Amino acid sequence: MFEKSLYDLIRGLRNHKGTEKEYIQNCLKECRSEIRNQDMDVKATALLKLIYLEMVGHDMSWASFHVLEVMSSPKYHQKRVGYLGAVQSFRPDTEVLMLATNLLKKDLSATPATTISLPIAALPHIITPSLALSVLADLLPRLSHSHPAIRKKTIVTLYRLALVYPETLRAAWPKIKERLMDKNEDPSVTAAIVNVVVELGWRRPNDFLPLAPRLFELLVDSGNNWMAIKLIKLFATLTPLEPRLVRKLLPPLTDLIRTTPAMSLLYECINGIIQGGILGEGEDFSAREEIASLCVSKLRGMISINSDPNLKYVALLAFNRIVVTHPFLVAQQEDVILECIDSEDISIRIKALDLVQGMVSSDNLVSIVSRLMRQLKASSASSDQQNGLPRPDPETDSSDEASAGQTGRSKSQEHAPPLPEDYTVDVIGRILYMCSHDNYTSLSDFDWYIDVLTQLVRIAPVPRARYFDSEFPAPVPKYLATDISEKIGNEIRNMAVKVKAMRPAAVQAAELVITRLFRLNSESASSHLVVSGALKPIAWIAGEYAFQLSSPDDTLGHLLQLLPWIENPEILATCLQAIIKLFSFISGDDRAQWTAERKSSMSLLMARVIHVLEPLALHPYLEVQERGVEFTELLKLTAEAASGQAPSIDALEQDPPLLLTQAIPSLFNGWELKSVALGAQKNVPMPEGLDLDEPIHSNLSALLAQADSLMLSAQDEDEFEAYYNQKAPVTAIASNEPAINRLAEAPEEVSGSYQQAGEESYLDADIIARRKAERAERNRDDPFYILESGRSRGTSTPIHNILQKENGPDLDIDSIPIMKLDLETVSTSIGSRGASASSRQQPPSFPSSKPRQRAMVAADETLGGSGPSTPRGYDSENNSDSFAKARAKKLKQSLLQVDSSHLGHLSLDASGQASDELAYDPEKQQRDEAEMAQAMKEVQRLRLEMQRANERIQVAQGVPAEGVIVKKKKAKPKKAKVEGEGESAGGLVVTKVKKKKAVEGEGSGGVAVGDPVKAKKKKAKRIVQLADGTGAVDNL
Amino acid sequence: MINAFLVFNGQGQPRLTKFYTQLDTSIQQRLISEIFTLVSNRPQGSCNFLPLPPLLAASGTSQSASEPHNDVPSLVTYRHYATLYFIIISTSTESPLALIDLIQVYVESLDRLFENVCELDLIFNFETLHAALGEMIVGGVVIETNLERIVSGVRAQGTVAKRPVNEGRGAGLGSGLGMGGNFVWHGR
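Chains as they are written, first to last, in the UniProt record's numbering: chain A, 1 to 1036; chain B, 1 to 188.
Keep in mind the hints are simulated off the structure, nothing from the lab.
Just so it is clear, the structure is predicted and the values come from calculations on it, not from any experiment.
We treat Cβ as the ideally placed atom computed from N, Cα and C, and that holds for glycine.
Wrong hints could be hidden among the right ones.
Partial selection, computed: residues in chain A whose CB lies under 8 Å from chain B [to be verified]:
no.	residue
1	A149
2	V196
3	E268
Throw the hints in and build the complete structure from the sequences for me.
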C-alpha cells in the first residue's frame, strides 16, 4: 500500500474543494491503519497527519498510545513528531501519561541538547502533580546545563511544575535565584527568569522583595526593553509592600518616560507608576504631583491622538486601573473618554464603557445614556432595514418632527453597521445598571427614564433562537439566556411599583409597549411568535394598575390577541393573570346599571376570553394549565350567572350579577403590592413566647366548628392591617406625593438642560410626541407653575378646578395642603417611616445645587434592625443577579485559565516551619549535597533497572493494559503520601517515615534530611516502588 | 502569561493552534471560530485588541473589574498579515503593546526561516511553525525575543523544508506576508 505524506494530504485537501469532509474521513481511516504499522516511519507520518487534522478539528485522543510509541522512537525527527502529538492532543484524562513518565525522564537526561528540550517544552502541556513529583529530580540538574537555551526553558518548565505541585519551588527556587544573581549569566536566560518571577511575583510579592536590588540593577543597566517592561510590572506589585522602593524607582522611571523612544516601554512605565500606587499619598508631595500630572497628561495624549487606536485602547486600560484608586484624576478626562464611547472600534468602546460606568453621577448620567442610546438606535435602525422588518415607527404622522428624526437617522445609518448582538445586550445592561444602581441615586428625571426604557424595549434584540425552534426548552446561547428585554420590562415595573409618582407614566409606557407588540404581530404577514421577555413584567403592570390605563378595553383586546403567539410559559402565565385582572376591572363596576347593552357586551367579552383561554387547559406547562383551567371555569360560571340575570328595564332595576361585581374583583383587590427587600422574610422576629409545639387551643375542634359560621369582623382586619402594613403614614405621604413632585420639580429650562443632547436622536418620534403632550398637560394643571408666573392664587381658576376635581366641590380653598408641601415635613415623615419600614433613606445630601425633580423612590420593604440580611437588598434585581453571577463565576474557573492559587500557600525562603533546616547553612548544604549525590546514584541504578523492565513490557506489547493497571495501583499510595505531606507541611512524622525509607533504599544512614533533598528522596522511594511494580508484571 | 497562540487565515482555517492549557478539541474549534468572527468584522483602522469572545467572557471576569485577577485570560491581541491572522490570548501580566511586537518577531523569524514567507509555507511546514514558536514561548512564558537566536534555535533542530517547487507562488495567495510595513514600535 502506498501511504500519503503530509504534503499529499494537504494537497489532496486543497484539491477536494467541496468534498473535504468525505476526503478527511477517508484520510482518517487510512491514518488509523497506518498508525498501527510496525514501520516507525509510516507511524510517524500517520501521526503527523493526525496532528494536522486535529488542528482542523478532528479529535485524535484515540491515538494517544501511538503518540507514546512515536515519542519513544530513537530518531530525533520522529521523536519530535511524537512530542508534538503529545503537546497537541494529550488531555488531563489521557491515561497513557502514566506510561510516559519513564520516557520523559530518559529524554531529560539525554545528551543532545535538541532531544533534551523536547520533554522540557512538552512538560508544561501535560503536567500533573504526580508527574511533576517524578520528573522534578531529572529536571533540576538541567538548570545548570551548558546550553543557555536549555537553561531558560527549564526555568519556565519548573514554574509550570510549581503551579500544579508547589513543592517544586522549594527545591528549585534557590537555584533559580542563583542564576538570576549571576551577572555572567546569558542575558536571555536572565530575561526568562524575570518573566517567571513576574508570574510568581503578583501571587507572593513578599518572597521577591529581597531581590529588589538586583532587579533594580537590571532595570537600569540592561537596556533590554522587553525585560524592562516586565521588571516594571514586577516592581508595581512590590512597591505597595516596600514604600522605600518608590523613592528609588522614581528617578529612573521618570527618566524613562521622558527619554524612551519605545512607546510600549513608556506605557508600561506609566502603568507601573499607577499600579504601584506611586501616585498620590506620600511625603514628597511636589515630586509626586509632578509625576502624576506627567502620567495623566501622557495618557490623555494617547487617547486624543487620532492616529493610533492601539494607544487609545491601552490608555483606556490604564485609566481603568487608575479609576479604582484615583477616580478624580480620571474624572478630569471625562471629555476624551466620552469621545471613545462613540468610537467605531468595539474594543475601544467596551473599555470606555467600563470606565464610564464607574464615573456615572447625576450630572452626567443623561448625557452618557443619550450617547449610548443614539448608538443603539442607529444600529438597530440599520439592522432592521437589513432584515426587511417593518419599521417600528407607527406614529410618524406627526409631520416635521418625524422628518427631522428621519434625516438624522438616515445620516447615521450610513456609517453605523449593526452592532453585534451581545454587545447590544451588554450596553443595555449597563444603561439599566447605571440608571438604577444604588436605588436610583444618579437618576433625577424619571419621565426621561421611562421614555428611555420604552425606547429600549423596541431596540432590544430578541432571542432569535426561539423564533424557529418550536421545541419546548429551546437551546439559547448563554448570553441570551436571561433575556435582556425582560430586564428592561422589570425596570419599568420597578418604576411602577417603587416610584408612585411615576406610576401613571409607567403604566402608559406599558400600554404603549403592548400596543406596539400587538401591531407588530398583526401587521406582519405571517404572524410570528411573540418572544420579547418584556411582555411579562409589562403585562403584570397592565393587570395590576388597570385603573390607570387610558384604555383598558383595548389593552385587554391586544393581550387576548397576543396570547396564542406567546411561547414562553412564564410569560404566558403572567399574561393570563393580567387578562383576568383587566377583565375584572372592566366588568366589575357595580355602580353601573345592568342594562341590556351591558349584558350583551359582557357576555361577548366573556365568550371571547373563554375562547382564548380554553386551549390553554391542555398546555404542557403546569402553571399555565392550572391558571387556564381555573379562569376558564370561573368565567364560564360567571357567564352563566350573567345570562341568567335579566337586564334592567326602565321600570325594574336589576343588579349586575354579584359574581361579576363582587367575587372576581375581590380576588385581586387587596393591599397594594410593594417591593420587598431580599431576605426580609428572614428578619420577621420570632414573637416572644411563641411555642410552636404548644396546641393552639385546648378545644380546637370545637373552635373550628364554630369558625365555619364566623365572619371576620371589620375591626380585626383593621388591627391586622395597622400592625403589619403601617399603612397610615405611607398613605399620608402618598397623597402628598404628586404635589411635592410638582413643587420640587425644576422649571423646564433647568431640568431640560439635557435637551441639548437631542432626545430626538435616540427616542422614537411617538415617544417624544407623547412626552411633549404630557408636559403641556402637566404645566396646564400645575398650580405652582402658574403661581410662578405671577398670577394671584385667588383668581386662578385652574387651582379651583383641580380642587374640585380631586377633593369635591365643598372643599375650602384655604385648606389646600400647603403646609404638607413643606419639604421638611416630608423628609421627617420619610424619616419616621424609614425608621419603621425601611432601614435606609434617601441619601441625606443630594447635590442640592441643582434643583431636581424629586420623585420618591420607595425603598424595599423590610423589617427594622435587619442589617445583616439586606446589604444589597435595595438594588434592583439585575444587581442581585449580577452578584449571583459573580459568585458563580468565582466558583467556576475560566476557560484557558491556569490556576496558580496553590502557589500562594507555599512558603518559600525557609521561613516558618522549615526554620531549623535553613538552606543557608553551608555546611548542611554540603552534607545535603553529598546525600543527594548518593541518592542520585541510587536513582540512576534503579532507573536502569526500570528501563530494562520497561523494555520487557514494550516487547510484550499485547499486555499494555495490564501495565497500566499495575502502575495505577502503585500510584495511589504515592499520591496519598504526597497529600499527607502537604497537610502536615513537613511535620515530624513524615520526615521520619522518609528517613526510614531512605535507609531501606540506600542501605546507608541518612544523617539529616535537608530541605532540597526531600524531593530527591521521594523520588528514590518512588523508583523503588515502581521497580517493585514492574517486578510484579514480570511475575505475571 | 500567554494562554494561547493561534494562526488562521482569512477564511478562518487554522494554520497553527497552540494552547498552553489542555482543552478539548471541540472547544478549541469553537474558540477559534468565535475569535474569527470577531476579528473578521473589524473596521479599517481599529486597534489590535479584541473584546473577549463570548466563550471567554462568560467564564472570565469581564464584569468584576474591581478585583483584578491575573490568572484569567483578559486580553486578545491580534495582527493581520496579508491572508493571515495571528492571535495571542493572554492574562494581564503581559504588556499589550509588547504582545503586538511579539507577533511581529514571530512573523519576522518565519520570514527569515522560509525566506519571504507566505501562507503556503505555513500550510506545508506546520512543524516548523511549532518549532519556531517553541523557541519563543514555553509553557506560556516568553523565553526569547531575539530574532537571531530564535532562527538558530530552529535551525539547530534540523533543516527547514522549503515549500514544494510545483506549488509555487502563483497560487493566488499573494506574495509574502507584507510585514515590516504597517507599523513597528520604534526602539526595538
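We went through each hint and held it up to the structure:
no.	hint	verdict
1	A149	6 Å, holds
2	V196	6 Å, holds
3	E268	5 Å, holds
Violation of the numbered hints given earlier is absent; every hint is satisfied by the structure.
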